[in-house]
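> Protein chains in written order, with UniProt numbering: chain A, 1 to 424; chain B, 1 to 424; chain C, 1 to 424.
Honestly, the hints are just simulated from the structure, not real lab data. Mixed in with the good hints, there may be bad ones.
With a straight-line Cα cutoff of 27 Å, these simulated DSSO-like cross-link-like pairs (lysine-lysine) come out [as the list claims (entries may be wrong)]:
| hint | chain 1 | residue 1 | chain 2 | residue 2 |
| --- | --- | --- | --- | --- |
| 1 | B | K423 | B | K204 |
| 2 | B | K376 | A | K123 |
| 3 | C | K123 | A | K376 |
| 4 | B | K376 | B | K423 |
| 5 | A | K423 | A | K376 |
| 6 | C | K204 | C | K423 |
| 7 | B | K123 | C | K376 |
| 8 | C | K376 | C | K423 |
| 9 | A | K423 | A | K204 |
Predicted model, so just to flag it, every value in this text is computed and none were measured.
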Amino acid sequence: MTGAGEEMHALVERLYPLRRSITGDGVRATLDIVGEHLPLEVHEVPTGTPVLDWTVPQEWNVRDAYVADASGRRVVDLAASALHVLGYSVPVAARMPLSELRGHLHTLPDQPSLVPYRTSYYKPEWGFCLAQDVLDALPDGEYEVRIDSTLADGHLTYAEHVVPGEVEEEVLVSCHVCHPALANDNMAGVAVAVFLARELAERKPHHTYRFLFAPGTIGAITWLARNRERVGRVAHGLVLACAGDPGSVTYKRSRRGDAGIDRVLRHVLAASGRPHEIREFTPYGYDERQFCSPGFDLPVGSLTRTPYAEYPEYHTSADDPDFVSPAALADTLAVCREAFAVLDRNRRYVSLSPYGEPQLGRRGLYDALGGRSDAKQAQMAMLWVLNLADGGHDLLDVAERSGLPFDAIADAADALAGAGLLKA
Amino acid sequence: MTGAGEEMHALVERLYPLRRSITGDGVRATLDIVGEHLPLEVHEVPTGTPVLDWTVPQEWNVRDAYVADASGRRVVDLAASALHVLGYSVPVAARMPLSELRGHLHTLPDQPSLVPYRTSYYKPEWGFCLAQDVLDALPDGEYEVRIDSTLADGHLTYAEHVVPGEVEEEVLVSCHVCHPALANDNMAGVAVAVFLARELAERKPHHTYRFLFAPGTIGAITWLARNRERVGRVAHGLVLACAGDPGSVTYKRSRRGDAGIDRVLRHVLAASGRPHEIREFTPYGYDERQFCSPGFDLPVGSLTRTPYAEYPEYHTSADDPDFVSPAALADTLAVCREAFAVLDRNRRYVSLSPYGEPQLGRRGLYDALGGRSDAKQAQMAMLWVLNLADGGHDLLDVAERSGLPFDAIADAADALAGAGLLKA
Amino acid sequence: MTGAGEEMHALVERLYPLRRSITGDGVRATLDIVGEHLPLEVHEVPTGTPVLDWTVPQEWNVRDAYVADASGRRVVDLAASALHVLGYSVPVAARMPLSELRGHLHTLPDQPSLVPYRTSYYKPEWGFCLAQDVLDALPDGEYEVRIDSTLADGHLTYAEHVVPGEVEEEVLVSCHVCHPALANDNMAGVAVAVFLARELAERKPHHTYRFLFAPGTIGAITWLARNRERVGRVAHGLVLACAGDPGSVTYKRSRRGDAGIDRVLRHVLAASGRPHEIREFTPYGYDERQFCSPGFDLPVGSLTRTPYAEYPEYHTSADDPDFVSPAALADTLAVCREAFAVLDRNRRYVSLSPYGEPQLGRRGLYDALGGRSDAKQAQMAMLWVLNLADGGHDLLDVAERSGLPFDAIADAADALAGAGLLKA
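So that you can see chain A by itself, here it is in the shape it has in the complex (with noise of 0.2 Å):
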């Protein structure tokens, strides 16, 4: 586990500094890193392209952008980090004053030291992102100010990667991919998606796991657009987001409130002695917010740790992969392979023989001796097993009233479906 928490530290390192936003070349950048460790089908989806109520917007890239002061010196410059420039900047190349500059200029005045992450997708606009303490030092005095940016007809990008079930009903795994020089949103929740995907298939899973790396909101939205008619395979669902910082696991349930991913992450993380929260929808948040609009209204849940703006650091210069550890990202791993687990386990059976307890002794399923008191977990899950195999409880449910194991239940019923006493 150390080994997969390391690798995937090391994924979310060379990651971290791209400089991504909802299209670009920075999209492109990390899913060719992702590409590496698993082979993507990558979606080009040209800028105009009505999806849902939205429109794919023009692509932007950004090759220079920077402050200089009277000296030619670079006080604000891209190159020290992603996100210096305000995503979506129209180009802009100017002398001004201190004065004007200011009104382009994002700090945030309470954390003096961390620069922001500030967009402006939908708005046309030009700025940049700085330390409030390097703001302060600035003399007033002209600047020069450059932004080598584009804003144009060309792509919104996206990925998806898909391991083969034995069903086609599909697990499907989201995580965002368009904040720049952000290590825990969501660089992390990439890294613990492919390392996912890896183990994934190395067993033939029951359902279809598809994971899809995309940009936040208009990356979501386009590929419920594009994939509208097969929504329906969506079984499951899972939004991975801000999955290696220091703080404990929080799912945040899917609109349904009650869809098996929520009764199964509930399951896991209390069977697992984990500190973690559960916690109600929201139409805020990531992606789920677009899974669970009410026309979709998808099972699909929210994996975090700290959750989305909980944490100082969020949408700062802070998130950076020291925020990020190596133990932290293991455990998101653990949480999703321990839930996608009992997820492929999960059956609804039906006795074969529901009209008293089937005589389990003459099929080898039962201590001959009889009077005992000190009845075995294994027999106790036959019986609870057995008993509600009406077609109306799966056997999440049956570990949940019995109390016993999921794995205990698990393979009581195999023993039983082996003895032609349940049928799925």
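With chain A fixed as given, assemble chains B and C onto it according to the hints.
Frame of chain A, contents of chains B and C only:
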């Protein structure tokens, strides 16, 4: 508000002494005074009219009633308080020793200085109510008793006032007008109803509001009998009683328990921060007993301050105008105002853009600058309304689930409906 | 009551020593004694009869069984206790060293002075049960072992007793009769059932009560198999076991969880003020396992004092008549009596005057004098019954919702039905 409280208290004082019963001129005099504030439609229903399982009784009027001692001094006198005569006493004019008279005298041994309120509507009887202290001071000997009453065919009187709204669905506000010389029970309820009706008329309310001023039990039964085909219009209702005592507010749920009025009162009282109590329905109390009988099962709750029979002044001469305060009357009025404001704005919307989030930015409904974590309440309200605009949730549901103020939710819905994103 | 307790205890003492098993003469002797108290219909079902997933086994009888030492002294002797032979032991007559014999000896190392109860119904085996202390004292050397048993085609025996009621819907009371030389488990249950049946016969009960005395598991399965078309008549049921130990009462819900019997026991135990415990259904314990198998899913709960396997005397020689007290037996009987009294009076009524309150006064059902605040329990009960007489609530619901005693509610319903205001 203090103004309204003082005005309501003045109305209580004026209405208080009248000789009300379930029929007769005391009710008419009460409605005449109410009619000075509100136009009333007064109904006179003849004695003998069958009303549901009941029959409109004979009309009772009393002109004089006293017990006089040997010297001719009136030791109990109707002129001093309308409580002194047993309601619906048959006429009597006789002389009798105290020992015989005692069988017709009603006192409160545990509250010896107070006069009780007693009636005998359905069993022919005569009697007087007086303080135990007064009775104890009466010397033995002969007394003259006289009740100059008439019990004869006549009418049962009740009145309605309607504030027309945008829709025909009605909110019924009902208060009983049959208790003589009791202030909190129920001239306080009458006063709050009068001022509520006047306030509602100043705005065009969404619902039509119907105010019913009727004698308890038989009055409500008569109204129900005469409006049997129209009770389906009652979308919500509130029985107002005991509206001015020093206690905090109590809301008693309708028989349904989760009717709109129940949800609104629960929400408004909780949101207001007032000390208050919510109680389950019981088939005892005021006219909610009739409105919530199983055949009608109307969504009618009951709002009081201290409930029915739970204060020592209840049904005694201590329930006088001093027991009722302007501040308490104003507070009860405020609760009604707040509740009806929610009731009138509450709607069930369906999103016209339910697939993904609609793009609020291009409609001017969303901040242009992305990345900031201080999502504003108005934007959160819009996201919540859109997410739950599936026809299965009303705005009150949205407010409760989001934890946002109802008004913020309703404002968001107005903005979204204005932008063509919702339909009611 | 003490009388019944003593009589039940005497019956336990008499039944206790018999050599019962799931078939054979011990069961017949048990039923003979029960038959002295109650007329029984005894059923004999031939070996080999298919019953649900099972087959009626061969009949087992044992005449003598012992282990004798070199001197001929019987160190283990069936004559001392029916527990000493492993149930369903095949015959054996042999000499062998202790080292070889040990494989056939069953003890309780943690309770070294007690003899365990053990069986081997479905695997041909022979053995003895004895105290660890006795075993430890046996010198090495050769022993004579002899079990004079027969395992041959015969019958499985069970019996029924019916107390006819006003309706065909049945209450099933079932207790297992297969355990040799154990008092609480289950001659205590048998004794309570016997006295319950006798009490019920003294009044004409509403329901028909069917008492089943059958060997555990295979007996219940046989009864179910032979009554498969008639189990729909079972409106309620109770498995009675462990009815006389010093612990407080435990009710284990039916698989349905909210069946009438579950609601009644919950109510009666709470109302009685007894210390008690209510447990959720589990598919382990006594014959509720069979009655509540998913194909039947009968509304059958289980009443015990200390449950199955939760007392140290369980399935040992310490479960003797001293472990069972007259007071505990009488208390279990009282719980059944109280529960069945509620079950028999519980009805679902519909008001014939559901619009407004009916006028109770003119029917002599209501106090004539109004204004008093001390509404009596009987009148409150009538108002509650009328208000909830909508066909959707039974009297138990009314009792629970009103907080009034069930008998007050049922009395009110009788009075109202008598006045023509309700129909069942």
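> Could you run down the list of hints and mark each one as holding or not?
Now the hints, each set against the structure:
no.	hint	in the structure
1	K423/B - K204/B	holds, 21 Å
2	K376/B - K123/A	holds, 19 Å
3	K123/C - K376/A	holds, 19 Å
4	K376/B - K423/B	holds, 24 Å
5	K423/A - K376/A	holds, 24 Å
6	K204/C - K423/C	holds, 21 Å
7	K123/B - K376/C	holds, 19 Å
8	K376/C - K423/C	holds, 24 Å
9	K423/A - K204/A	holds, 21 Å
In summary, the structure agrees with every hint in the numbered list given earlier.
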